[in-house]
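K.L.:
Use these hints to put chains S and B onto chain Y, whose structure you have.
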Amino acid sequence: MKRAGFANPWLPVLLLLPQLTIICLFFYWPAWQAVRSSFFLEDPFGFGETFVGLQNYTRLLDSTQYMKNAWFTLWFSAVVTALSLGIALLLAVKADSVLRGARTYRTLLMWVYAVAPPVAGFIALIVFNQRWGPLTEFFAQFGWEIRIRLEYFDTAFAMIVASVWKQVPVNFIFFLSGLQSIPPAVREAAMIDNRSAVSRFWTVTFPLLAPTGFFLLIINITYSLFDTFGMIDTILRNNPGDQPVTLVYQVYLDGFRGQDIGGSSAQSVVLMVLVLALTVFQFRLVERRIHYT
Amino acid sequence: MAHIPTTSDRAPAPARLLAAGRRRAPRIRWGGLVDHLVLIAGALFMLAPSLMLLQMSTIPDEQIMRTGPSFQIGDRFLPNLDKALNESMSFSGETTGRNMFRNSMILGFGFAIGKIVIAMMAAYAIVYFRLRFAMLAFWLIFTTLLLPLEVRIVPSYEITQQLGLLNTWTGLIVPLIASATATFFFRQYFLSVPEELVEAARIDGAGPIRFFLDILVPLSRTMVAAMFIIMFVYGWNQYLWPTMISTEEGRFTLVQGIKQITQGLEGGHIPEFGRSNILAILAVLPPVLVVVFFQRWFVKGLTDTDK
Amino acid sequence: MARVALDRVRKVYRNGFEAVKPASFEIADGEFLVLVGPSGCGKSTLLRMVAGLEDITEGSLSINGREVNGVDPAERDIAMVFQNYALYPHMTVRRNIAYGLKNRGMAKDRIAAKVQEAARMLNLTEHLDRKPSQLSGGQRQRVAMGRAIVRDPALFLFDEPLSNLDAKLRNQMRIEVKALQRRLGVTSIYVTHDQVEAMTMADRIIVLNAGRIEQIGTPSEIYHSPASVFVASFMGAPPMNLMRGAIETGAVRLSDGTALMQAPAGRGGAVTLGIRPEDVHVGEGPADFDVALVEELGAHRLLHGEVAGQPFTAHVLKDSPLGPGRHRIGLPAGALSLFDPDTGVRL
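Chains Y, S and B, in that order, are what the protein sequence lines are. Per this note's numbering, numbering through the first sequence is continuous, rising by one, with the last residue being 1184. Per this note's numbering, numbering through the second sequence is continuous, rising by one, with the last residue being 380. Per this note's numbering, numbering through the third sequence is continuous, rising by one, with the last residue being 368.
Chain Y with its partners taken away, still in its complex shape (with noise of 0.2 Å):
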């Protein structure tokens, strides 16, 4: 708050009306409405609920399906935040160093940012396509016969390869912005202090990127977790079957088609609290960051 702030009463309350109005009835209310039903029962025809305790979690523990899917998006989110960011960072390492074409390259670069997800799935489904999809074909000649939708791992594969080319953008505009942040004396200083390129890159630019690395750390896991439904119900078209499926779309499974509220508001709940955790994390870290810079 500014030190001279405005006195006037009411018009703040005014400013900030719209603002908690939409955050209560659309945030609070569904999300108390998650955390509620998920200790009830509610029945199949909408005719009442039944109070079960944490019997809709314990169901979820239970369920092999569940906890397979569990594991798939672990390390479905593990896999895909580490190919990211590792192509990003040298992207972009490469495009702060080149002196010709350094904008063309960020355009190039970049601009994928902004392709929706879906979008991502469907060029999936054309370049794995099983008849001629251009990477079908790369890796038949390896004697990998791809069959997306049809085997869990090619699936999977596919997914991964998707989301990966969606989020090296982020990741390149992020990493360059913290490189072109350090300040030219400092690398200067570096230049003086040790000969070898490699070695500079990894004790000096290296470290000063740790923070931006760490902040992305956090995006990542949240964009392989909630941002990539789009692209896997566009690959899935409707039909997961036995095919990998992240725990946002089982969510979206077991509510809309299940019908299964109860177990679906226990899945929100623990998706929840993995959000939670994840944020306190990233709090934590943009306070060690602060003595940083």
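Simulated from the structure, these hints should not be mistaken for lab results. Just so you know, these numbers come straight off a predicted model, no measurement behind them.
When the alpha-carbon atoms are kept at most 30 Å apart in a straight line, the in silico DSS-like pairs for lysine-lysine are as follows:
1. LYS332(S) <-> LYS959(Y)
2. LYS152(B) <-> LYS373(S)
3. LYS893(Y) <-> LYS152(B)
4. LYS123(B) <-> LYS893(Y)
5. LYS373(S) <-> LYS893(Y)
Far from chain S, some chain B residues (derived; all Cβ distances over 10 Å):
6. ALA128
7. ALA133
8. ARG191
9. HIS214
10. ALA291
11. ALA320
Idealized CB from N, CA, C, for every residue including glycine.
P.N.:
Frame of chain Y, contents of chains S and B only:
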């Protein structure tokens, strides 16, 4: 980024001599070449799929069905474009490219403008007023940053339904606004505006509304532009929520329509790759153009949120 | 024009910190009053209370006999120049200067005339259509002044307006601001942490320390008879020499026993002795000065060293032959200040 020349200019004498020596006998800098090769590979990785979509939309669907994408440029682009824009994908006749494009625009603009207006008002109230419950409002608003719409999707849908907002623009746009990203961003920005500006304005006789409209809003225009780009892209690219709220085909957006488009690739008859690909390109073109053309603002807006 | 009176004005922040201890003083019509002190001494808070940007916790503030404690800043008939100028960055110089008049509903042609006049007075005429970002520091400073004078306020408030300028420009602007104030004859309160600014610009100075008024007086009074050890060391560069001493056997003595002057009646025990470097007679006298370093300042020289084992500085003329080594010095009785070593108050 003209980094290396300044360094060599300022380098001590021996290094300068070395650099001069290098200049006299120009050699290929292998390191630089590798840099460019890596970047070109990266750019191709990003670009190739969309070029492929474009190429496929220029050749007949029958040919694609047999051989897939190639390097051949055919003459079917315009007929396919016409089909994509004007022919409906479904029986209702409403899922034409034109129609979906308009709906996407409504969603993108409605979301971006609504969010920015509401966020600026709220951030202004929090930062510039002595408010008894400011802390409470702050926490109420910023807790929403923690939970994305996806985790509360089922109850959100139910509430929207109970309010009778299914298949309305309000029902589509307003619940999406219920997250405080922009408010948080504007709050950060307002806090960075020098304290003395509001004091000078108060001495100059400007009340709270006049200060907001005369000083703060014009001052924030770069930030507003950056926010607008990010929010427009975010709104345009929404998928799950529109899929659930807009079930009438006349309200389908392009991104939402992708699923219908892919379904058009299945079935007994010849899959219409030409039309589908053009619709997919149409679905990414406006946000991509916005991001590319307003790159500077967009990058600033995006990376500033990381503070 | 205005008279300003503060009666036991006090500021306590919500966290309990007492930024300004009860302060009472009056400012005469047309007077240039400088509030000076180190950062955090409460001088800006005091100014901001006069401006109405900060609530007054206790006491009463009146302008021309009217109590204005609860009056909005815009209604106090004041103008303020801020340290960072607080120019509206998106407005041209013209609109910056005119903004306050526009908000008062003044007619357009009158505004234009007043802006022209202010711009002429401040040499800004050719910059009127520029944005603040296109101006130099000194020009921005002038725009901030323009915004203040165009309103014909009863009271000018300056919050360290020159501290963002480089040394040369600061000297020049100091003279300009003072001349302008003389010409307009507007009562002014000027806050600074720079004692040179305070000495050169003020009609009267108030020295603040830790929220408390240490001394109120003309520059000459403050300089020659500082009311406390704090004032003595804060005002003047180099500062007054302060040494431990004592009143013993009827004489004021240095800690090594050297007698300097006859003791004032009724005092005894330890005292703090103060003397300005330029009041020291170097060459002859009762005390020994071990000079370690000569600081060449062109117009004069400063000798740094020790007297009776305590740091000491003396001021000599530029052609003085004295260098490092031991010299005799005299400390004239009329130039000596005596302070209570416990409270720091002048005796």
